[in-house]
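Build out the structure end to end from the sequences listed, making use of the hints.
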Amino acid sequence: MMKFLGLILRRQFSRTSIFRKKKMPDRPPPIDENEFSEAFLKGSGPGGQKINKTSSAVQLIHKPTGIVVKVQETRSREQNRKLAREKLALKIEKLQKGDESRLAIIGATKSKRKASAKKKSKRKYRVLEDEKFKDYQRISPEVYEGIASENQQHYVPTESQVANKRSR
Numbered sequence: 007m008m009k010f011l012g013l014i015l016r017r018q019f020s021r022t023s024i025f026r027k028k029k030m031p032d033r034p035p036p037i038d039e040n041e042f043s044e045a046f047l048k049g050s051g052p053g054g055q056k057i058n059k060t061s062s063a064v065q066l067i068h069k070p071t072g073i074v075v076k077v078q079e080t081r082s083r084e085q086n087r088k089l090a091r092e093k094l095a096l097k098i099e100k101l102q103k104g105d106e107s108r109l110a111i112i113g114a115t116k117s118k119r120k121a122s123a124k125k126k127s128k129r130k131y132r133v134l135e136d137e138k139f140k141d142y143q144r145i146s147p148e149v150y151e152g153i154a155s156e157n158q159q160h161y162v163p164t165e166s167q168v169a170n171k172r173s174r
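Residues 7 to 174 (the numbering used here) make up the sequence shown, in order.
Just so you know, not all the hints are guaranteed correct.
Within a straight-line C-alpha distance of at most 27 Å, the following computed DSSO-like cross-link-like pairs (lysine-lysine) qualify [stated by the list, open to error]:
| hint | residue 1 | residue 2 |
| --- | --- | --- |
| 1 | 100 | 118 |
| 2 | 59 | 93 |
| 3 | 118 | 93 |
| 4 | 116 | 97 |
| 5 | 100 | 69 |
| 6 | 76 | 56 |
| 7 | 103 | 88 |
| 8 | 76 | 88 |
| 9 | 93 | 69 |
| 10 | 120 | 130 |
| 11 | 29 | 130 |
| 12 | 128 | 29 |
| 13 | 48 | 59 |
| 14 | 48 | 88 |
| 15 | 118 | 29 |
| 16 | 29 | 126 |
| 17 | 29 | 69 |
| 18 | 120 | 103 |
| 19 | 128 | 116 |
| 20 | 100 | 116 |
| 21 | 56 | 93 |
| 22 | 116 | 93 |
| 23 | 130 | 118 |
| 24 | 97 | 76 |
| 25 | 116 | 29 |
| 26 | 93 | 103 |
| 27 | 48 | 76 |
| 28 | 103 | 69 |
| 29 | 128 | 118 |
| 30 | 120 | 97 |
| 31 | 59 | 88 |
| 32 | 29 | 93 |
| 33 | 120 | 93 |
| 34 | 97 | 69 |
| 35 | 116 | 76 |
| 36 | 48 | 29 |
| 37 | 76 | 100 |
| 38 | 120 | 29 |
Hints listed in this document are in silico derivations from the structure and should not be mistaken for laboratory results.
Structure follows, in structure tokens:
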């Protein structure tokens, strides 16, 4: 009974997060096999000898639009084929729908998160600088003037220091 009651109470506080989440548009339908040409290329970059000697990278060219997609994310040809087809479908959808496409919405969400993180970082360092300034304000004016006057006084060498320099 207590466990159930806890779930009800917890649900009440988390209701706002349910409403905040926007529904993503559905994934675009797969593209017809006749609309694109497929080529397998040798990979490059990190991944060892296997990547360099096998033709596991996939390049798709969409014939009507001329969009080219090259994928080499995994060492498996089949997984790269699947990923390339998904990327091509997303790019074509973006070309057709513009800002309402799934790819555009994901990009906008990522840029919002990045901007939010940057804003949070700026706010954090502004608070730290404010705290540092407040520390200076806590010092009594007499003490602060004493510190400032000590820093402004010029260095005057003693007689023994002058004598040591002359003897050299």
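Hint by hint, which ones does this structure get wrong, listed from lowest number up? 11, 12, 17, 36
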